[in-house]
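Trainee: Sequence:
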Amino acid sequence: MKILYGIQGTGNGHLSRAVDIIPCLQRHGQVDILVSGTQGDLKLPFPVQFEVRGLSFIFGKSGGVDLWKTFAKANTRKLVRNIRRLPVKEYDLVISDFEPVTSWACYLQGKTCVALSHQSAVLAPEYPAADTVDRMGKLILGHYAPADHAYGFHFSGNGTNIFTPVIRNQVRRHPVTNDGHYTVYLPAYDDRKLLKRLSDYPEARWEVFSKHNKKKITKDNITIRPIDGNAFTASMASSAGVLCGAGFETPAEALFLGKKLLVIPMKNQYEQHLNAAALKAMGVAVAKNLKVEHAAVIRDWLENGQPIPVDYPDRTQQIIDGIVGRFGTSQASSDNYTPH
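If you read the sequence shown in this note's numbering, its first letter stands for residue 68, the second for the next number, and so on.
Using C-beta positions, here's what the derived DEER-type ranges look like:
id : residue 1 : residue 2 : range
1  : Asp378    : Pro90     : 21 to 31 Å
2  : Glu193    : His279    : 32 to 42 Å
3  : Asn371    : Asn297    : 23 to 33 Å
4  : Lys145    : Ala363    : 44 to 54 Å
5  : Met349    : Asp267    : 23 to 33 Å
6  : Val200    : Gly350    : 18 to 28 Å
7  : Gly350    : Asp246    : 19 to 29 Å
8  : Asp198    : Asp267    : 23 to 33 Å
9  : Arg239    : Leu175    : 33 to 43 Å
10 : Pro213    : Thr244    : 42 to 52 Å
Here are the simulated lysine-lysine pairs, PhoX-like style, with alpha carbons at most 25 Å apart:
id : residue 1 : residue 2
11 : Lys110    : Lys282
12 : Lys355    : Lys260
13 : Lys281    : Lys263
14 : Lys347    : Lys205
15 : Lys263    : Lys334
16 : Lys358    : Lys263
17 : Lys260    : Lys281
18 : Lys263    : Lys283
19 : Lys355    : Lys263
Since the hints were derived computationally from the structure, they do not count as laboratory data. Note that beta-carbon positions come from the ideal geometry of N, C-alpha and C, so glycine has one too.
Using the sequences and the accompanying hints, generate a full structural model.
Mentor: Right, dumping it as structure tokens:
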């Protein structure tokens, strides 16, 4: 069987999940990988057959997505060309993790596409609505990467087509301790803003992982270091708590590791506001931003925050087996089969 797996390259979450999903797919045949996007820091430990610009959201430095840079860097003509040229009909199964080139190539060429992403879950009616209405954000989530069939991951599953998070084996196997520091990953803030805001809490020891710095620096109670996957996992596993954006993978891993969690959703990122609503409903602390008017939330979390218990079993192979069994065209399958 030939499988095409399209991965969204904005941020690191999709790529880190793919590290565990790809070997599960490879048990069923040849897997070709497409990665689109320009904002990821991680490199996959697998050959990438198609690497395209796609349509990336560009992180700003003040807590949100930079919409101007996002549109300015969008090469629409090249995007359309990549979509039209992608040979999706050569594959028995096409899976998209919120990846627009793969999804739209299938749409235009009449090829079935299966979505397997967190974004497939966030608009489901069983999860809380965001605190603000964002019609454009909702439109983007619904049409950015269309698919014929959708399976999703969320902080809590629904027992049918939405599953609990894929936790990387590196995280599952990592020893967990509490060395007293707080691990920070807020890529939409620049280092100066983080130094200024986090210095308001001198009683805490902060380990910040930064997209904007290439060398390690320490100032008083704050250490800033470049993004490094292994170091970040080790820091998080040995932390007293995790402060991060309201993405999906990092909050899910922090919850799995039994760490107290505080999330700050990015501005202009509707998905993160949906995530924040879901996490808040679970009891996770949420702050609007790092400004002084929200200092009480951060200080209360430092002093009184508690981990939220979760149950995230390792079911990745089982999920993939079910999807391949249903949609892989080179295998007999039942149309009413749903992965469990």
